[in-house]
Amino acid sequence: MRWYVQLKSKPILEAREISFSYADGTQALDKISLSIPRGKKTAFLGPNGAGKTTLFLHFNGILKPNRGKVCYDGREVRYNHTSLLNLRKNVGIVFQDPETQLFSSSVWQEISFGPVNLGLPKEKVWERVNQAMAEAGITDLRDKPTHFLSYGQKKRVAIADILAMKPKVLICDEPTAWLDVKCAAQTMELFDLINHTTGVTIIFSTHDVDLAYSWADYIFLIKNGKIIAEGIPEHIFYNQRLLAEAELDRPWLVDIYEELKRKGWVASNVPPSTKQELLEQIREKNVMVTND
Amino acid sequence: MRHIHPAEKFAFALTTMIICLALSTSITSLLVILLMAGLVIIAGRIPALFYLKLMFLPMFFLVVGVLTVAFSFSPKDTYPFLWGFKLGGYALGVTAAGLATARELFLKSLGAVSCLYFLSLTTPMVEILAVLRNLKLPSLFIELMTLIYRFIFILLETTEKIFISQSSRWGYATVKTSYFSLGQLGANLLTKSYYHSQMLFTTLLARCYQGNINVLEKPYPLSGKSIAMFTVAELILLALGLWFKA
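Going down the list, the protein sequences come from chains A and B. Its first residue numbered 0, the first sequence is counted upward by one per residue in numbering that gives the first Met the number 0. Its first residue numbered 0, the second sequence is counted upward by one per residue in numbering that gives the first Met the number 0.
Just so you know, the hints here were simulated from the structure itself, not pulled from any lab data. Be aware that a few hints might be false.
Said to hold, decoys possible - To give an idea of the chain B side of the interface with chain A (calculated C-beta under 8 Å), a few residues: (1) M124; (2) V125; (3) T145; (4) Y148; (5) F152; (6) I153; (7) H195; (8) L199; (9) T201; (10) T202; (11) L203; (12) Y208; (13) Q209; (14) L215; (15) Y219.
The structure displayed is predicted, hence computed values, not measured ones. Beta carbons: idealized from backbone N, C-alpha and C, even for Gly.
Bound-form chain A, shown alone (with noise of 0.2 Å):
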C-alpha cells in the first residue's frame, strides 16, 4: 500500500502566487501556488517548456520571481547574501545536463566544491567527498579525469555534487533523461535509498508516466507555466481526463489493471502501484479461483 500524503506536516518548500518571466519576454510561470510535502517524493510532470525547470530555480534562490514569494521552512526567502546561502545550503539542484555543471577536471575535486563553500574543515571535507562517491557508487572513478567519464558516469558525479552539500531537499531535474535502463534504476534506487535514510526531499521532474506513477508520493502536473492538478498518483494517474489536458499518456499499469478489475481477474480493489503489486493481486485471484 501506497503512502498518503498529510498535507497537515508543514510543508518544506512553498511557493505563493509566483510568477517569472525571462528577458525575453517569456512567460514561464504563471501565479503558481504549491507545497511540496516535507521528506517525501515529489514528481513534477508536464511537456517541455512547461516551466519545471524555472520552478526548480526558483527553489534554489537562482531566479528571483517577479511576484509572489518562496518559501524555505515556513520562513519567506529574502534575496540577500546569508538568505540565499542558507537556502543553496538545503536545497541542492542536480541539473539535467551534467557537463554544464562539471567544471573540475577531477571528480573528488568536484565533488569538495560544494562542501568547501559551506565552510567545513578540510577533514570534515574529505569525510562529505567519499561519502557522497560511496552512495553514488563512484568511489573507482575517484581519480579519473571528468571528460573521461561516461554520460552516466558523469550525471552520478554531478548527484554526488549535491549529496556532499547534504540539503535537506535534493531537486533533480530530469534524473533519468538519456541514462540506460541499468543507470536510471540505479539513480532512482539512490533517492529511495537517500529518502529513505536520511529523510531528505526529493523532488524531480520527468516524462516518465510510468515512472512517476511507480515512484512518486505526489504529483504535480505542470503545463504552461501553471500547476494544472496535484495530487497523490493514484488520483492523477486514474483521471483521464486531467491526463488528456496535461498531454500525457496513462501508465502501463494503470491501463493493464484497469482492463484486468473489468475482467474480473484481480483481487484487490486498491490499484497497485508496481509491477510486482500486480503480479500479486493476479496470483492472489488465481489462489482463489482454484481454491473454489
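Here the structure of chain A is known, so what remains is to put chain B in place on it, guided by the hints.
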C-alpha cells in the same frame, strides 16, 4: 609516476629545462631528450610510439623556424657558404656556423619540449594546478586555468558533435558547402560556449559559489628518495653538460 609528489616532478621538469636552456649545447639537449624519453616511456609507462608521435607534433614549427636560422644571406659572395646560390645581387646559402646554430636551437627546443611533456604526461592537470596554488600564484590564474582546461574538452566535444551532424547532412560535400559549414560551426561554437559558460555559472551559484572556486587539495607526502634521485640526476646532467661544454 602517479605516486610521486607533483611538486617534485614539477621541480625536476623545471630544473632540467633550465639546465637544457642555460648550457645550450647540443649534447646536453640530446641528453635531456633521452633522459625525459626514458623516464616517460619506462617509468611513466607511456607507449613509445605514442611518445614519438607527440615529439613529432612540434617538429613542423621547429623545422620551419630552424630553417630560417640555418640560411644566411649576404650582399657579397665572399661568405663561407657550404652550399649556396645567387639571387639578384645577393648570395643565399648555408654556412657551417649557421648550421651549428640551427642544430643547437633545434635540439634545445626539443629538449625543453620534452621537459614539458614529462610534466604533462606524468602529472594530471589538477596536480599541476595544486603545485601552482602552493607557489602562491594568484587564485584568478588558477581558477581560469581550471575552467579553461575543462572547457577545452567541452569545446572539442561540441566541435566534434557539430561537425558530425553537419557532415552527416552533406555539409562538407563540396568546397562551397564546406566553407559555409565551417563558418556555421565557428559561429555556433561561440554561441554554444557562451551558453555553456552561463549555465556553468548558474550551476556554481546553486552550490553556494561566492566568487572563489575553492576546492580540496590532496595531501601528498614528499619523498626523500625521489628528491634524492631527482637531485642526483640533475647533478649528473649538469656535470656532463659542463664537461662537454668545456
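Checked hints:
1. M124: holds, 5 Å
2. V125: Hint on V125/B: holds, closest Cβ of chain A at ~4 Å, below 8 Å.
3. T145: Check passed: Cβ of T145/B comes within 6 Å of chain A, closer than 8 Å.
4. Y148: Holds, about 6 Å.
5. F152: F152/B check passes; min Cβ-Cβ to chain A is 4 Å, inside 8 Å.
6. I153: Cβ of I153/B sits 7 Å from chain A, so the hint holds.
7. H195: holds, 6 Å
8. L199: holds, 6 Å
9. T201: holds, 6 Å
10. T202: holds, 4 Å
11. L203: This interface hint holds because 7 Å falls under the 8 Å limit.
12. Y208: holds, 7 Å
13. Q209: holds, 7 Å
14. L215: Given a least distance of 4 Å, the restraint on L215/B holds.
15. Y219: violated, 13 Å
Violated hints amount to a single one, hint 15; each of the other numbered hints is respected by the structure.
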